[in-house]
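Go by the hints and put chain B onto chain A.
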Amino acid sequence: MPDGFHDRFLAAVGGDEAALAPWCAGPAASAGLAVYRNTTAKGAADALAAQFPTVERVVGPAWLAAAAVAHAADHPPRTASLLTYGEAFGGWLTTFPPAADMPFLADLARLDWLWTGAHLAADAPPLEATALARLTPESFARYRLVLHPATRFAGFDDGAPSLWQALQPPGDPPADLELGDAPEGLVFVRPGLDIDHRVIGAGTLAFLAGCGAGESLAAAAMDALAAEPGLDLSTVFAGLVAAGAFTELRTLS
Amino acid sequence: MTQPLTAGVSLKPQHYADALACRAEGLWFEAHPENYMAAGGPRLAWLDAIARDKPISLHGVGLSLAADEAPDEDHLAALKRLVDRYQPALVSEHLAWSMRRGVYAPDLLPFPRTQAALARIADNVDRMQEVLGRRVLIENPSLYLPLEGHDLGEVAFLAALSRRTGCGLLVDVNNVFVSAHNLGFSAEAYLDALPAEAVGEIHLAGHAPDANADLLIDTHGAPVAEAVWRLYGRLIARIGQRPTLIERDDDIPAFQDLMAERERAHALLTRETVDA
Numbered sequence: 001m002p003d004g005f006h007d008r009f010l011a012a013v014g015g016d017e018a019a020l021a022p023w024c025a026g027p028a029a030s031a032g033l034a035v036y037r038n039t040t041a042k043g044a045a046d047a048l049a050a051q052f053p054t055v056e057r058v059v060g061p062a063w064l065a066a067a068a069v070a071h072a073a074d075h076p077p078r079t080a081s082l083l084t085y086g087e088a089f090g091g092w093l094t095t096f097p098p099a100a101d102m103p104f105l106a107d108l109a110r111l112d113w114l115w116t117g118a119h120l121a122a123d124a125p126p127l128e129a130t131a132l133a134r135l136t137p138e139s140f141a142r143y144r145l146v147l148h149p150a151t152r153f154a155g156f157d158d159g160a161p162s163l164w165q166a167l168q169p170p171g172d173p174p175a176d177l178e179l180g181d182a183p184e185g186l187v188f189v190r191p192g193l194d195i196d197h198r199v200i201g202a203g204t205l206a207f208l209a210g211c212g213a214g215e216s217l218a219a220a221a222m223d224a225l226a227a228e229p230g231l232d233l234s235t236v237f238a239g240l241v242a243a244g245a246f247t248e249l250r251t252l253s
Numbered sequence: 001m002t003q004p005l006t007a008g009v010s011l012k013p014q015h016y017a018d019a020l021a022c023r024a025e026g027l028w029f030e031a032h033p034e035n036y037m038a039a040g041g042p043r044l045a046w047l048d049a050i051a052r053d054k055p056i057s058l059h060g061v062g063l064s065l066a067a068d069e070a071p072d073e074d075h076l077a078a079l080k081r082l083v084d085r086y087q088p089a090l091v092s093e094h095l096a097w098s099m100r101r102g103v104y105a106p107d108l109l110p111f112p113r114t115q116a117a118l119a120r121i122a123d124n125v126d127r128m129q130e131v132l133g134r135r136v137l138i139e140n141p142s143l144y145l146p147l148e149g150h151d152l153g154e155v156a157f158l159a160a161l162s163r164r165t166g167c168g169l170l171v172d173v174n175n176v177f178v179s180a181h182n183l184g185f186s187a188e189a190y191l192d193a194l195p196a197e198a199v200g201e202i203h204l205a206g207h208a209p210d211a212n213a214d215l216l217i218d219t220h221g222a223p224v225a226e227a228v229w230r231l232y233g234r235l236i237a238r239i240g241q242r243p244t245l246i247e248r249d250d251d252i253p254a255f256q257d258l259m260a261e262r263e264r265a266h267a268l269l270t271r272e273t274v275d276a
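Those sequence lines, one after another, are chains A and B.
Counting in the numbering used here, the first sequence runs from 1 upward without gaps.
Counting in the numbering used here, the second sequence runs from 1 upward without gaps.
If you are wondering where the hints come from, they were derived from the structure by calculation, not from laboratory data.
You may find that some hints are simply not true.
Said to hold, decoys possible - Here are the in silico distance ranges between beta carbons for each label pair: (1) Asp176(A) <-> Glu73(B): 49 to 55 Å; (2) Asp176(A) <-> Asp18(B): 50 to 56 Å; (3) Leu177(A) <-> Asp249(B): 28 to 34 Å; (4) Gln256(B) <-> Asp176(A): 37 to 43 Å.
What the hints assert, rightly or not - Below are the DSS-like pairs computed for lysine-lysine, each with C-alpha atoms no more than 30 Å apart in a straight line: (5) Lys12(B) <-> Lys54(B); (6) Lys42(A) <-> Lys12(B); (7) Lys54(B) <-> Lys80(B); (8) Lys12(B) <-> Lys80(B); (9) Lys42(A) <-> Lys80(B).
Stated by the list, open to error - For the chain B half of the interface with chain A, some residues (derived, Cβ under 7 Å), not all of them: (10) Asp68; (11) Pro106; (12) Val131; (13) Leu132.
Owing to the predicted nature of the structure, the values given are computational and were not obtained by experimental measurement.
Note that CB positions come from ideal geometry on N, CA and C, so glycine has one too.
Bound conformation, chain A alone:
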């Protein structure tokens, strides 16, 4: 027998059945290889469907399964844990011709992916509001807020976050998928075991991004006001703390 069974087997599953001829050939080989071909494709498709439930709600299981098979050819899984498989799917959808008439689909996938990130992130206690008692406006430059490990957020050029929210169970998906023109952001928080999400504006998004980049509270607040002049920062701040978006108030060194 020649060497390289494993590579030849994968070539045969990929369609080059002659590659496996020293070990098996004929109709029984074709039938058996078809089983492995189907199981492997189903494994990647099931993993992707589990990862992108909002996309599945829009396009249905059959469409998503077909997309998953095509996606897996370009981006096969790299680890045996499929919990984090699908990072490239949102971007890939923008290149997938059958998705061309659903320009919002890639953003829904990106939001599903952020949800997965929040779901799997490390545990940590959320920052208690009482910890903020020592803060005064004058001390903002000396402190920074550390994001909770599960906090995930992103901004979009349109209303994809509101559309994503409207598609969440247990309610029925909306009959018309309306995409607003105004830019929106979405933040996911997981202070305990349950994930919560809320649509946010450009100022809140900039504040979170500043905190995530390690900026002082003063600098993050400046970013927020620059992005959204007139923003009521104290309300935004209190709301994020109450939601569990942070884990620690740290003195800047």
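For chain B alone, coordinates are given in the frame of chain A:
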């Protein structure tokens, strides 16, 4: 855990609350470690809670022990963290491969059972047991492809692997039934030839006919077939009680339905114990 393990069921996220509340005697739960390789969050919290008062088995599907290369060290390290965290009663993997040059094929793939493969896989099982610091069980996969070039039959290969590495065997009776149908051998003769002392766990699951060829597919998406129950009875009559899993991964029924199948295995196992 002083209570002996009798029959267990696959642990599925939609059954977490039922699993936590269930008080059946001898019950245990089996989980795929690949589904818990996360930094934190609700999955780990549920498994923490369930593992506090029920025995857990970690049944790996992705270590790729039958690859032509060493197991992925990152994957092994992640598995080790779960073994340390949950102190499972049982840890198992498959006589199959799925990783090749850094790409994962989500399946349990076959190989020619040569002496060279035996040496390679024994090294891989040694490495797994060394990292985990414990004995593991190796499961017979479902086979669909008639391959030339085997030096050893599957039973002889598994027995030799067990002798070389000290690993135990996880006998999936449904896989034996499916493989026997697909490749044309006797399931009874296969089970009768297994080294009884090496068997540490048994799996029972459902299968379905292939849509295109005269093959049975190990779907884990249906109740255990009567023919598989008969083979199971034959096996435990010979080798005695072993922890037995009702394995279900697709078309997941209500927890009570899974438990009804589990009670049947539990009854067979406890009867066997009394007789012995």
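**OP:** Could you check if Pro106(B) really has its C-beta closer than 7 Å to a C-beta on chain A?
**Re:** holds (3 Å)
* **Satisfaction of the Leu132(B) interface hint, Cβ to chain A closer than 7 Å** => violated (16 Å)
Original post:
Going straight from one Cα to the other, do Lys12(B) and Lys54(B) come out at no more than 30 Å?
Top reply: holds (15 Å)
Per the hint of 37 to 43 Å, is the separation of the Cβ atoms of Gln256(B) and Asp176(A) within bounds? holds (40 Å)
Practice item. With 50 to 56 Å as the target window, see if Asp176(A) and Asp18(B) comply at their CB atoms. Key: violated (38 Å)
Return holds or violated for the Cβ distance of Asp176(A) and Glu73(B) against the range 49 to 55 Å.
-> holds (51 Å)
Quickly compare the C-alpha distance for Lys12(B) and Lys80(B) to 30 Å and report which way the hint goes.
-> Distance ~21 Å between Lys12(B) and Lys80(B) Cα, so the pair holds.
Q. Are the Cα positions of Lys54(B) and Lys80(B) separated by 30 Å at most?
A. holds (20 Å)
Hint validity - Asp68(B) Cβ closer than 7 Å to any chain A Cβ:
Check passed: Cβ of Asp68(B) comes within 5 Å of chain A, closer than 7 Å.
Measure nothing beyond the straight line between the CA atoms of Lys42(A) and Lys80(B); if it is 30 Å or shorter, mark the hint as holding. holds (28 Å)
With a cut-off of 7 Å on the beta carbons, see whether Val131(B) makes it to chain A. Check failed: Cβ of Val131(B) comes no nearer than 15 Å to chain A, outside 7 Å.
### Query
Lys42(A) and Lys12(B): Cα distance at most 30 Å?
holds (19 Å)
Violated hints for the displayed structure, listed by number in ascending order: 2, 12 and 13.
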